[in-house]
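Protein chains: 2
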Amino acid sequence: MAEGSEAQAPMAFFIGEHLPAPGSALSFDMLDRAASDNYNMISAHITNINYQTKVQAIIEEARSNGRTRVYIPGLEVEDVNLHPDDLVASGKVIGVTSQWIELDSLDPLIASASRQVLHHEIGYAGFCGLGTLLIDGPKTAQQNLAGYCMSIVQGLAINAYLTINIMLPALGPSMALNQEDLDVSTQDSTQTPEVLYDELTSWDVWNAIRTSARYTSRLGLALKVEYSLPRTHTLKRWFSEPIRYLIIDSTAFLLNTKGYPVLTKPHQKLVTQFARKNPFYLLSNTRYAESVPENPADVEFPPLGSTVVTGGARQTVSVTPKRRDDPQSYRKYLHHHLLNLPPPPPLDSFGAGYQDYLQSPLQPLADNLESMTYEVFEKDPVKYNQYEKAVALALQDLHEQGIEDICVAVVGAGRGPLVTRCIRAATNASIDITIFAIEKNPNAYTHLMKMNRDVWGGAVTLVKTDMRKWEPPNTYVHILVSELLGSFADNELSPECLDGVQRVLHPTVGINIPQSYTAHYTPIMAPKIHGDLLSRATSSNSVDIYEVPYVVMLTAIDFLSQNNAGEPNIHQAWEFKHPVPADELEHDCGFNEHNQREAIAAFPIPRRGVIHGIAGYFECVLYENVDGTAIVELSTRPDTIDAKSKDMISWFAIYFPLRAPMSVPDDSEAQVSFWRHTDGRKVWYDWMVETYSFVLSSPEGSLISSPLTLPSEKSTTSGYARKRVPIAVSEICSSKKNGCLM
Amino acid sequence: MAEGSEAQAPMAFFIGEHLPAPGSALSFDMLDRAASDNYNMISAHITNINYQTKVQAIIEEARSNGRTRVYIPGLEVEDVNLHPDDLVASGKVIGVTSQWIELDSLDPLIASASRQVLHHEIGYAGFCGLGTLLIDGPKTAQQNLAGYCMSIVQGLAINAYLTINIMLPALGPSMALNQEDLDVSTQDSTQTPEVLYDELTSWDVWNAIRTSARYTSRLGLALKVEYSLPRTHTLKRWFSEPIRYLIIDSTAFLLNTKGYPVLTKPHQKLVTQFARKNPFYLLSNTRYAESVPENPADVEFPPLGSTVVTGGARQTVSVTPKRRDDPQSYRKYLHHHLLNLPPPPPLDSFGAGYQDYLQSPLQPLADNLESMTYEVFEKDPVKYNQYEKAVALALQDLHEQGIEDICVAVVGAGRGPLVTRCIRAATNASIDITIFAIEKNPNAYTHLMKMNRDVWGGAVTLVKTDMRKWEPPNTYVHILVSELLGSFADNELSPECLDGVQRVLHPTVGINIPQSYTAHYTPIMAPKIHGDLLSRATSSNSVDIYEVPYVVMLTAIDFLSQNNAGEPNIHQAWEFKHPVPADELEHDCGFNEHNQREAIAAFPIPRRGVIHGIAGYFECVLYENVDGTAIVELSTRPDTIDAKSKDMISWFAIYFPLRAPMSVPDDSEAQVSFWRHTDGRKVWYDWMVETYSFVLSSPEGSLISSPLTLPSEKSTTSGYARKRVPIAVSEICSSKKNGCLM
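Residue numbers (the working numbering), protein chains in the order written: chain A, 1086 to 1827; chain B, 1086 to 1827.
Derived from the structure by calculation, the hints contain no laboratory data.
Just to be clear, a hint being listed does not mean it is correct.
Heads up, the list lumps identical chains together, so a pair's fine if it works in one copy or across two of them.
Claimed, not checked - With a straight-line Cα cutoff of 25 Å, these simulated SDA-like cross-link-like pairs (lysine to any residue) come out:
no.	residue 1	residue 2
1	K1343	A1641
2	K1767	A1242
3	K1554	N1677
4	K1662	G1151
Predicted, not measured: the structure shown is a model, and the values here were computed from it.
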């Protein structure tokens, strides 16, 4: 690929140069060089080595005088790299705060001095007009994490327009190697017990910081990637978080057989996945940072032929090639990779802009938003095909049973897409049908008249009425087709609507399409959505924002309950079947009690995390034929959609929020209860989460110890019984106040 | 004690008869009999055996027809024991809902039918005008607890004036024996893993119920006490909860040597402790409930001479005495015990009505509430005695150093109590002093003039000024006496005030009284306070109620961090000493930074619970003499107040709330950080809680398992390292918006 074409290509991504050393003052020259090197932005330290020297001298002096507090003066002109000039106004500069400070020191002198440095830098950055800062994460996970958090929370209050991004390594344990002590440090390592380091340790730190700051959207992540990558489940966890920048170190690259730097397959996958969410990359050329070597071969590379930590690519070259990794080669590679990304899957393009966007509470009657998207939904490449297949199967079954004069009714016909498919199915099967289209919306009815005149050749009998009041003329309906499902199957009152029209269905051979549908659910981590709700809670709302489910394209989430293969554990809540047995309708005392449902399911959670809410999906059998040889289904479950209705885009998931996030440890369990309530006038849901951990109880019942085994080494000590211990419960959450009127 | 005197004694307690069986309709006869038996109230089932029979038949019929839902009709006249008549209007009747229902059944048919029964009963009880209901707890802790919670939460919504009390056994594991299955039950015991039963299991159930109902004050506990009592730590836990009724079963009694029923020492202690909080007792005479035996000796008693579960009394009588335990004897004994209770400790009488009452945020300037209680505080039997002792010691030290013309100044003299004590100390020591009283409040100053004229004989020089502006005439002050401490020591800005007046103190021999003070803290469970805050949060407040500490007489709390002796672990946060070293004041850059403080401490938590907030206390050295042979102190720490200033009542504790309660497991740790911030204009606190559990890591680092040993059996597997794993963190809580202006 020619160098020229890079710059002209439509830029959906931004690669910046991350300058890891304070160096000298930022200049237009540097920015010019970066631009001429095809970088889109540059990160630069706000202050320089002068300031560091000055502050460290102040600390030293205070310490030698036995003082434990010190006042750090503000920035002088020779201390800073940036000024409020055109350079900053270009928007291409990202500020980096001092990395030599130690906000999480247990020494009050160091911690307080570090905090003052940070706050001076934040204040000055805001003054200069910078919009984005990068701040180094805590030096370790085990010292004074609370002190770090407090410094960041105070920092966020200094300038309301700055976005702060915490730099953290993607792979947890490397934090321990990251430690850079101020030489004046007097840490007392005996004060706090040793922290267990594992892959999620870095995430633990992030989780603490953003929780301490109440999930503000002004706080993001700048995730640092080196050669060693965490395993898939840890990467999934990171992608549920607000990663605003991916900082790729030059040490993350290998050399290919020609001596050019390349990324391993797992790194490529990471970059690709990130590109779908947020296109800001920073390249940190640590091999060349301090002094550009005369000969690139002097720089130490990871051994060629070494195995990458996870998955795919293994470099097996054992002969050292001629090195061609000049500083620019890393950016060129990344540019090349990003320009050659495959197109995103259909749902991604369709849902662009809808990711994690909470839509208004559902009501059975379509609101404006749904009207706007209605046209889009009719273009769903899958849904109506499935309906047509289902109708064809049903017609065939009825035909084979010798039924003549088959009557088909589409109830809630809308703009008529199902009518079209019914006619097509009958035509293709050469079966004559009588067809009705029932619609209560007068505007849609007008459009149905147009369709009947222009498209269906007057073959359809149109009826403008609520389906529950429809009286068909002298006949039973053989196939009753509807599309009343919501994101949680029954949440737009499909059961109640179909109950009301069931009397028109042929009592022995009548078929409902869909025949049955099921609601499904699983607890999830959804920090972005939780932060969104928190920000809404502060404004004055008449509706309790936690007492209502939301339709949402779940994107920045993590499935907390997973099986060993990393697939989400999703449980079926309940099922509705149509037609409803006659005696069930008969026994209903007018309180719609036969449409009540309840569900309780335990979700094992292998790795610690935070439950923010419950994700809901549905599955639906449109039709299974009489001899059971064919079945047509729909699914929105992420683990079954590909098998049942791949690329279907008509439904987003549903999200049931929790007011207070619930932290769960490794090897725990969430028991989630759901109820579909109805009192004959409206329908609503209640939900509740109980969390449990496990202990081992000896046969004598005396000694009790808990196994917390790594997933691969799970075992049970013989004779010991695994027992459940409660951790916490949520409140009973309820959408009663926002229930659907029948 | 004669029977007659009982009825005439002032009744600070109410003993009711708890009727455990549905029996027949409640009548005036029963109430009359109860009244004539000296009961103050009676508990009675709302519905009777007719209703039970009817409902069970409906369930049976539904089940035999294969239906999983059933509609339970409302109450008919022959189903109920109560009517909206004078009997109920007397206020002496407590309703009991059906105990044969199973709200926590996993069988939807049973659970739903049970819920309908409960809700019919609640509705009817409200209609009749009952104010209080008793509802049986879940049948077990391991089935469908969420279903139970949901039924209660829905029940609370039926009538906004009813108070619901959940009946739960004080001793957890006995729940397992409590199970009464509906004979139609089809529980699937394999569905959920076995729950670990321990002493806190019953509390776990309560914690789940009240959390699910968002801590509403309309939900309370009716704690059932039998012969076996839980250990002290579990009883302490219960007493942090809203126990509204103590239900004492007749089986809780032993026979004394004369054959009369008596309570063991631990039972007596429980009854006494309860009497200080809420005086409603119910006696459940299960020995006589179903049919009164002809001969009381036929009723099985716990073996005489058996050992009670905890502590004290052990009955060693081995010869069976003549039984004298007729049904009335239990009530008579309880009456007798309650009438002969010892008087409560001083703080209890002083604080009556203040228990867990959250007082307005503190400001250094006294508000009306503090003015009203000021007079009371001057009557503190301890505080001013301690000040007098301290002044006497200081005078003696100065005198022995040969200082003549000793000058004493009381800064912030208020109404003059400290002036009186200074004069008395000098008179007793026969040391002449010059004494100043500095006060800026003009109203208090007028009162000081009266004191000087009428009491002090004009011996005091009064100065109306802010102490920070006072210029003494031609002299240094040798002893500077102040009472500026708040509940968290420095929270009413004592350090800042004393800094401002330090220049008048003699530079070499000057003494401050107090000389030093320290703030102390520990995480606590405080469900009542949390519920109070939750109820305030729903009304529209301009102040964030979680961003401010409260002065409160902490009563319904449990110390989560305890040592093996059950004493609370309380950590010192920081110390202030006066006078401040001159160079420290000198180096302050005007931002008051020398009065900044920070604290971080880890609190081991042996038993699971919920952290609602942080309790704060203070200790203070008024004066320690030069040779260290005498020290005069004040303390509000519950574990040191008796040693340092027993019966001091001037200060309640301080409470720093958490917005979201944090659940902690057995054998965990809370790390609590505190900061005292100041910017030279105001002073505020930040606080944050991190929770941790522990795992054992093998020497190879591969296998990781967590010890969760019972406190008495704590041990470490050899070679394994105990490491900390994060559970959760709070937000950074801050009182900045409500900080104290300097």
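- [ ] Measure nothing new, just compare the shortest in-copy and cross-copy C-alpha distances for K1343 and A1641 to 25 Å and report within, between, both or neither.
- [x] Intra 38 Å, inter 74 Å, cutoff 25 Å: neither.
How would you classify K1767 and A1242 at a CA-CA limit of 25 Å: within, between, both, or neither? between (45 Å within a copy, 16 Å between copies)
Checklist entry - Under a CA distance limit of 25 Å, which applies to K1554 and N1677: within one copy, between copies, both, or neither? => result Result: close within a single copy only, 17 Å intra versus 78 Å inter.
Checking an output row: K1662 and G1151, CA cutoff 25 Å. Within, between, both or neither? between (79 Å within a copy, 16 Å between copies)
Consistency note: the structure conflicts with earlier hint 1 alone.
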